[in-house]
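Residue numbers (full-length UniProt numbering), protein chains in the order written: chain U, 1 to 256; chain X, 1 to 283.
Errors might be hidden in some of the hints.
What the hints assert, rightly or not - Capping the alpha-carbon separation at 20 Å, the derived lysine to any residue pairs in SDA-like fashion look like this:
id	chain 1	residue 1	chain 2	residue 2
1	U	Lys170	X	Pro98
2	U	Lys170	U	His87
3	U	Lys170	X	Val219
4	U	Lys170	X	Leu220
5	U	Lys44	U	Met219
6	U	Lys170	X	Ala275
7	U	Lys170	X	Trp11
8	U	Lys170	U	Leu75
No wet-lab data here; the hints were simulated from the structure. Owing to the predicted nature of the structure, the values given are computational and were not obtained by experimental measurement.
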Amino acid sequence: MRTAAWLYLILAFGFIYLPVGALVLFSFQDGTLPVPPFNGPSLKWYAEVLSDGDVTDALLHSLLVATGSSAVAVLLGFLAAYGLARHVLPGSAVMRVMLIAPLTVSYLIVGLGLLIVLNRIGVGLSLMTAGIGHVVINLPLAFAIIYASMGAQHENAERAARDLGASEAKVVILVTAPMLAPAIAAAFFLSVTLSWDEFIIAFLLTRFDITLPVEIWSMLRSGLSPRLNAIGSVVFLISVTAVLLLEFTVLRRRRS
Amino acid sequence: MSAATGRRRGWGFVAPALIWTLAFFIVPFLVMGAMSFATLEGRSLIWGLHLDNYVEVVTRAYLWRAILVSLEITLTVTVVSVILAYPLAAIIAFRVPPQWQRLVLLLAILPFWTSYVVRSYAWLLVLAREGLVNQTLMNIGLIAEPITLANTRFATVTGFVHFFVMLLTLTIYANLVQLSPNYRRAAMDLGANAFQTFRHVILPLTLPGIATGAFLTFVLCIGDYVTPQVLGGNNELTMPQVIMVQLGRRADFPLASALAIVMMAIVTLAYLASARWLRLDRV
């Protein structure tokens with residue numbers, strides 16, 4: 001029984017890491033095909049990728065869209081969470097449902113709806129429109145994460161600040177926001193990770209300037225190549241870094 | 001401050017997020033709904049209450065077949081993923097020493113954070129004609145000729161299962177560690193063996209968690225375009241692929257909208273069918 005359990009664990013990890021392993025290993029391939037036998041290691045594909053203007057442009061675009069849209073999503077989500085947690089508003093249940101609603105719909109449908117509207121009103125597609133779409137999908141998460149950590153224990157500190165003469169804006173900026181810093185950071189990192197990887201909305205809502213997943217998509221058409229392995233490994237490394245940062249800073253601090 | 005000014009301030013805080021959601025999600029969604037009842041004549045769009053697009057969805061074989069293909073793939077993926085993920089989550093929750101559990105779990109779902117596009121490409125590396133699996137099998141002499149793995153439904157399902165096993169391991173693990181060990185002890189004390197304890201105690205208690213994870217799998221799987229497009233090829237098309245075909249080659253927004261509405265209707269039906277087991281507040 002015990003050996004069977006460990007065997008299953010090892011097999012499961014083998015399955016989970018098989019594609020990622022192949023991706024990273026053959027990014028160091030010294031040849032033109034990322035398939036066995038492995039010759040290498042060689043860093044030439046990384047050098048080629050990092051000197052390719054299209055790829056580095058797309059990488060910068062992705063970072064821009066990810067950080068920009070996450071900042072907007074977290075700001076809007078934080079304000080809405082504060083408004084709904086600290087004020088008694090008629091229809092607050094309806095508003096909460098409305099803010100969460102985009103989570104229940106697939107990204108393809110979010111992108112399709114926006115594409116139709118932008119098309120009708122004649123707005124050109126750009127990194128900005130992709131960013132708008134990413135705010136739509138990340139706002140519910142940011143709101144939910146921050147709203148969930150707006151416990152009543154923070155309310156006393158806010159009341160004290162108000163009694164001492166702080167304006168509402170000062171209370172929010174100097175008292176509430178710092179107390180919620182872990183939740184705000186968690187929401188921001190999660191948004192960045194999701195936006196950084198997101199493909200279908202970016203694909204539908206960009207045209208000339210594109211993000212990295214869209215650039216990778218267009219390179220996929222020419223089939224297997226160690227260049228794609230190198231780019232994919234870089235993308236994976238950046239995502240993993242964001243996740244580990246989140247795990248070892250924000251979440252760890254929150255639990256202790 | 002008076003209740004009225006407090007309320008006005010409260011509105012001020014919520015308004016930006018509400019307006020954003022309204023302008024960029026709810027209005028586009030309604031326009032898409034209206035678009036599904038519009039029709040194309042040549043290249044000009046005619047609004048109205050036409051049912052042409054929905055009639056087309058049920059009468060054109062390649063459209064309703066896409067619905068069937070999507071349903072078959074999604075159901076297969078959901079069932080296989082739950083069956084594979086449950087033991088993994090249970091081993092992490094019950095066999096791995098507590099102080100290592102968080103690390104093992106983190107490692108087990110790390111590739112979850114790879115982008116969809118990259119993950120599908122990575123499976124292509126493994127399953128391609130010259131790929132890892134074929135080369136390995138030929139080297140050890142199990143097969144003489146490469147077998148076709150990529151561009152099949154098998155490849156699509158494998159790519160999906162890989163992703164959802166990680167997701168489900170996370171949700172099922174979260175469920176298992178919430179269970180008090182007393183349930184297991186009580187069952188054992190009353191003479192149940194390990195299997196009976198699992199079958200009659202642990203499994204029923206974790207069913208809501210499984211249902212929630214399975215529903216999440218269903219929703220995310222049926223709406224994904226990338227995995228079937230990269231791994232399944234064009235032998236059989238799923239609903240998202242058919243929607244993208246309407247958008248790309250033909251710019252037929254009305255038909256694409258109708259297909260999207262049908263896809264949403266299917267997800268809603270799946271929700272209603274599983275609603276009594278679902279505890280979405282537990283996610």
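Tested hints:
{"no.": "1", "hint": "U/Lys170 x X/Pro98", "verdict": "44 Å, violated"}
{"no.": "2", "hint": "U/Lys170 x U/His87", "verdict": "17 Å, holds"}
{"no.": "3", "hint": "U/Lys170 x X/Val219", "verdict": "42 Å, violated"}
{"no.": "4", "hint": "U/Lys170 x X/Leu220", "verdict": "41 Å, violated"}
{"no.": "5", "hint": "U/Lys44 x U/Met219", "verdict": "18 Å, holds"}
{"no.": "6", "hint": "U/Lys170 x X/Ala275", "verdict": "44 Å, violated"}
{"no.": "7", "hint": "U/Lys170 x X/Trp11", "verdict": "18 Å, holds"}
{"no.": "8", "hint": "U/Lys170 x U/Leu75", "verdict": "16 Å, holds"}
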